[in-house]
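Go by the hints and put chain B onto chain A.
Chains A and B are the protein sequences, given in the same order.
Per my numbering: the first sequence = residues 73 to 185.
Per my numbering: the second sequence = residues 5 to 117.
You can take every hint at face value.
With the Cβ distance kept under 7 Å, some of the chain A side facing chain B (calculated, not the full set):
1) Ala-113
2) Gly-114
3) Leu-115
4) Leu-117
5) Gly-176
6) Thr-177
Source of the hints: derived by calculation from the structure; they are not laboratory data.
Remember, it's a predicted structure, so these values are computed and weren't measured experimentally.
C-beta: ideal position from N, C-alpha, C; glycine also.
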Amino acid sequence: GEDVEQSLFLSVREGDSSVINCTYTDSSSTYLYWYKQEPGAGLQLLTYIFSNMDMKQDQRLTVLLNKKDKHLSLRIADTQTGDSAIYFCAESENTGTASKLTFGTGTRLQVTL
Amino acid sequence: NAGVTQTPKFRVLKTGQSMTLLCAQDMNHEYMYWYRQDPGMGLRLIHYSVGEGTTAKGEVPDGYNVSRLKKQNFLLGLESAAPSQTSVYFCASSYSRLAGELFFGEGSRLTVL
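Looking at chain A on its own, in the form it has when it is part of the complex (with noise of 0.2 Å):
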């Protein structure tokens, strides 16, 4: 079955870029997706990257995928202490009935001051 993989905690100084990796399984992907928990709340949709692409920016946010390698990575550019959350990324597995999605074990971002 699908596998995704990510390290499990990032800490970064405030203004700094964040750099969260993962690694996935399932070559048939049509879209990798990025979603964000914020402490005691449910997961929200952050970006999401279509597979014919190598590269998506969306304000300080970008996101690059290595097909070759099924390696997709988060930037988060100028960090801030509200970027402190779990970063999940997850993959989407098509089935005949439904898009189901496959996430990661997610990355806890530190952010200090």
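Relative to chain A, chain B alone:
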């Protein structure tokens, strides 16, 4: 603008007791999902539904049952709770089979003693 609402938010059960988690969405979404979140394991899909009256098994369905009698509601039942079912449960919905944007509830924390 409620979105996805889960009840209850917290519950403590004794081994062998039964309970039902209720998920309600007001976005007229066809697809609904139940996930469990455990430390170091990310989110795992328990069951999902592609429309009113339908349910299907996800990655970890054992020990759980679900029902989707009304389009807006998706119920998750534990007939005989076990300590291994101690977890945070998230309900999510989406509007399309191919849409990876899941809208999540705030979670229900269940402890089984």
